[in-house]
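4 protein chains.
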Amino acid sequence: MTDLILKKQKETGVKLLWNTQNMFSHNRYKDGASTSPDVDVFSYACAQTKKMLEISKKLGGENHVFWGGREGFMTPLNTDVRRELDHMAAFMKMAVDYKKNIGHNPQFLIEPKPREPTAHQYDYDVQTVIGFLRTYGLENDFKINIEPNHTTLAGHDYEHDIRMASAYGMLGSIDCNAGQPYLGWDTDEFPSDPRKAMLCMGIIINQGGIAPGGNNFDSKLRRESTDLDDMFVAHIGGMDCLARGVKAAAKAKEDGELENFIKNRYKSWDGALGKKVEAGSATLEEVAQHAFKCGEPKQISGKQEYLEQLLNTYF
Amino acid sequence: MTDLILKKQKETGVKLLWNTQNMFSHNRYKDGASTSPDVDVFSYACAQTKKMLEISKKLGGENHVFWGGREGFMTPLNTDVRRELDHMAAFMKMAVDYKKNIGHNPQFLIEPKPREPTAHQYDYDVQTVIGFLRTYGLENDFKINIEPNHTTLAGHDYEHDIRMASAYGMLGSIDCNAGQPYLGWDTDEFPSDPRKAMLCMGIIINQGGIAPGGNNFDSKLRRESTDLDDMFVAHIGGMDCLARGVKAAAKAKEDGELENFIKNRYKSWDGALGKKVEAGSATLEEVAQHAFKCGEPKQISGKQEYLEQLLNTYF
Amino acid sequence: MTDLILKKQKETGVKLLWNTQNMFSHNRYKDGASTSPDVDVFSYACAQTKKMLEISKKLGGENHVFWGGREGFMTPLNTDVRRELDHMAAFMKMAVDYKKNIGHNPQFLIEPKPREPTAHQYDYDVQTVIGFLRTYGLENDFKINIEPNHTTLAGHDYEHDIRMASAYGMLGSIDCNAGQPYLGWDTDEFPSDPRKAMLCMGIIINQGGIAPGGNNFDSKLRRESTDLDDMFVAHIGGMDCLARGVKAAAKAKEDGELENFIKNRYKSWDGALGKKVEAGSATLEEVAQHAFKCGEPKQISGKQEYLEQLLNTYF
Amino acid sequence: MTDLILKKQKETGVKLLWNTQNMFSHNRYKDGASTSPDVDVFSYACAQTKKMLEISKKLGGENHVFWGGREGFMTPLNTDVRRELDHMAAFMKMAVDYKKNIGHNPQFLIEPKPREPTAHQYDYDVQTVIGFLRTYGLENDFKINIEPNHTTLAGHDYEHDIRMASAYGMLGSIDCNAGQPYLGWDTDEFPSDPRKAMLCMGIIINQGGIAPGGNNFDSKLRRESTDLDDMFVAHIGGMDCLARGVKAAAKAKEDGELENFIKNRYKSWDGALGKKVEAGSATLEEVAQHAFKCGEPKQISGKQEYLEQLLNTYF
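Protein chains in written order, with our numbering: chain A, 9 to 323; chain B, 9 to 323; chain C, 9 to 323; chain D, 9 to 323.
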């Protein structure tokens, strides 16, 4: 099978951008894979991951996604959350080591989701994942694969986790599915709102691209869409929506007004005191002294209403 | 004023358990205190914190709470989230240094809240705060003050953040307010559900207490409760509810069934392989080997339904 | 098959309390059953319902539940909501007529749910259903079957819809499943919170029972609960929880304090003016006149904090 | 004061489009106005409404809005929901009668909101209000004033209640505020999403306008927006957003594709059987017969993905 795919890859030049191991569908993983209370199940997770890394090496996989589909808990009454998270970290360290040992270097990605299937997923959102990685010293070995539909389930705005990941150099790739704001489960719809696409694309542009990751459709048709052409229309439409977004984001970038507004809003920090604080060499006392000299700060408008309408001029 | 309080303290023996600086009500802090885009505002936050630390020293304050009431953003369109978080971290480092300099050692506590007043608060929940502290090397200088009503606003179960903080040695204190699950804002009600109180108290018992922190009522009466005695009834009732909870938790602890169930559920990890994984000395290859030997793992029931009813027998 | 069941019924004396027709699983109903845009699909829904009414007659069915599993819409972009609701009403009228024609008289019940599987279900909650029934003149032909887990998905408290239905004489039966407040989908768990059970049971007691309906477990085990005895434990535990609830509710009823508090709170309405307003014979002018005579009303406490703790004394 | 306004009205020709009485700010109304447990408070609500109707008559008010700001409950433990709703209905009947008596005929509007300030507001959403009006025979005396920000707090899509109200001829007016989907309280922001504005405007166009109601900004600036010009920018920007919406909706209407798609989707209902069902003269038996003749219905695609992208071509 792997050889067949390899042959096809060579013929067509198509690359393997993303791969993953499915450690959530099989009943064996009902209580978790790397977070299973049963070390035998944990060993299956390791075997499966090892195999997948070897296949990924053969096929030249560029991104390897860890979505912890069953890594979480249904009830805390039967769960030792700390022990489970320790096991998840141990698993990830072993996977990082193995990847290096076999001389294969795909980007490792964690994909957060707050709940579903379990009541509480350990990889809740980007900031939770960053905390996990830093707690266990894994922050240089993983980036984050963000699905905005998962972000909204965690109670954040659509593009929020893309923003937070990018701010800390952790944005690795995107599953660009959309959900519906008032539904409490993952619907994996194709993106159709250019305004939201623009907000995501602007962040990618600002960080200078997202390779070796990208925008992946992990979407599906609605059950009601039963025509053969719906599949084509959905993919073309989704790409069209992203294109509208990236064009608007590029226009905004060229225009510069949004970017300059933010830059200018923080300009007081570019003075001597701000620089000293940012360099970590100021003391509470000396900054406090400044308050007695500067007088009551002027009220400076945040201009939210203006900026919200400004966005619309880029379409 | 401080001297007056000091005098009263000496007369009555009452200690100052918690103190904080209010850096959210004054209009000056409309865009944040330590995360303000204006370095002048930041300096006011420093001056106010410095002053409060000095007063706290005089009064023997045991816990100093940082609730970042305006540390967040209303719209990302005008916000540089990374720069703001860097400033917040710089502020906290300076506060830690100052506390040490003046020879005062209260427990420093961060109180998470996901939103309100801003649309996105930086200290979203316990795991977000742990990530922040570890990102900036502050994890040994702060513990966490948890208000369950904030936890539920972040989409977690009532006692979830208490559990996660305790699991990582970060549970410092509790504002034991309750909210209502289907309201989207902080109602600060007095606790009235003994079952929830039991779940919180069990975690405190398991970690061997919570001093120098404790359970603080940061609650308020409903607007409709206008009798003088409502204030007494609410406090007495809230304490009674906590007492019912702690009694049930103690009974469960003595009974041991819940605790043993969890311990037993992970017993396969106490074997040679599990110990090696937990010690960080196993490789993916050797754990994977185990999968080929152990055969398909047995299905072991999580017994959630049983455990949920077991709780009720402790009341 | 029907005959076999009938035979078993006769042998055992077990009655058929609830029956329904499943018009949501088959792909034919993907766009709705009685609200399908396709009249052919509508006719299948009618045929299935007709058949089920005939079987129910044979078996002596006492309650016939209409859960509109696919009666709603995924997107308004392809939906004529008014036409679909008109069709749903027409279907229900025909079902009522048919039931009468064949001389079978089970209680007809509509079961509300706000979303899932569709993005918007027409039978959102109790008050929406009452509005639908009254709009189409069906209010005397249907009562409501309430699943508290659906109620909470609509953003109401657990027992809210039971209360509202009972207040208007529309409470017909209960699927006494529980959900989890912070999950956005239907989990169909067995009830395990006696306090919530008490609130439901108190309403049933106050309306003098719920026959011919009852409390039905439409619940399922968690996927993680894999022991044979889990099924028994879950049912026994669920019943035990309801029993704790009904005992507490009965104790509260006998005690009378809660009931008297409410009665007393409205006592000003038992005077001449209140009676006239309630009889519908007062005018705005004469009631307004009263305001000029009565002076600024006294503040009377709602005593919420007291009442919330009072509940706990009944366990 | 009224005379002064009247004089200004005459000078400028500006009409009084909306008026209301505030029966929620004063402490007297803490437990409700028309739903207060105290008949004296009820009488104040009547006096205030009477006065306001008289002023509105003088000033030629065209719409009179009833937002039941405190008509709901904080806890059911102290509340007789049925009695309160009966009183609310009695109050509304008296107001209708009084309006007729004084020869003044503004459109009466109820404005739904699901919660805030109370935990449960009686006028939850459009369908709840329709149910209330029909239960008490008030359906011909009131239309509905919809604030989409309230709609989303009830768990519906932004334009959902506008659609449902219009479908039943009950759409009277709109407070065109926007909220944020992941915040649990009313933020009263100026609208800034043209796509959402288009969906609302399309419904208004389809019902042939909304006079004597209209689109009202009941919005406020963010606290952070402190410049004088922010107020102008916000109003201009909000109107600009609505204009983008109405232009796109008009373009879609002229194009006809969306409208025709829906019409065509239900075309099977235009045949003999469909017409008979819609006329209310079909029986379950004869419709069921059709199922045996028509064979398994063809799967017809709902084409959601296509339609979602189609919207974007109108901007």
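Some hints could be false.
Heads up, the list lumps identical chains together, so a pair's fine if it works in one copy or across two of them.
[As the list claims (entries may be wrong)] Pairs of lysine to any residue, SDA-like flavour, derived with a Cα cap of 20 Å:
#: 1; residue 1: Lys284; residue 2: Gln215
#: 2; residue 1: Lys101; residue 2: Arg142
#: 3; residue 1: Lys255; residue 2: Asp201
#: 4; residue 1: Lys59; residue 2: Met9
#: 5; residue 1: Lys284; residue 2: Asn27
None of these hints come from the bench; they were simulated from the model.
Here the structure is a predicted model, which is why all the values come from computation and not from measurement.
Exercise for review: State whether the alpha carbon distance between lysine 284 and asparagine 27 is at most 20 Å within one copy, between copies, both, or neither.
Suggested key: neither (45 Å within a copy, 29 Å between copies)
Exercise for review: Have a look at lysine 255 and aspartate 201 and pick one of within, between, both or neither, based on CA distance no larger than 20 Å.
Suggested key: both (13 Å within a copy, 18 Å between copies)
Review point. Using 20 Å as the alpha-carbon threshold, which applies to lysine 59 and methionine 9: within, between, both, or neither?
Key: Classified as within: same-chain Cα gap 13 Å, cross-chain 50 Å, threshold 20 Å.
Check your understanding: When no copy is named, should lysine 284 and glutamine 215 be tagged within, between, both, or neither for a Cα gap of at most 20 Å?
Key -> Cα proximity of lysine 284 and glutamine 215: none, with 26 Å in one copy and 41 Å across.
**Study point:** Within, between, both or neither: lysine 101, arginine 142 at alpha-carbon 20 Å
**Key:** This pair counts as both: shortest intra-copy Cα distance 13 Å, inter-copy 18 Å.
Comparing the model with each numbered hint stated earlier shows that hints 1, 5 do not hold.
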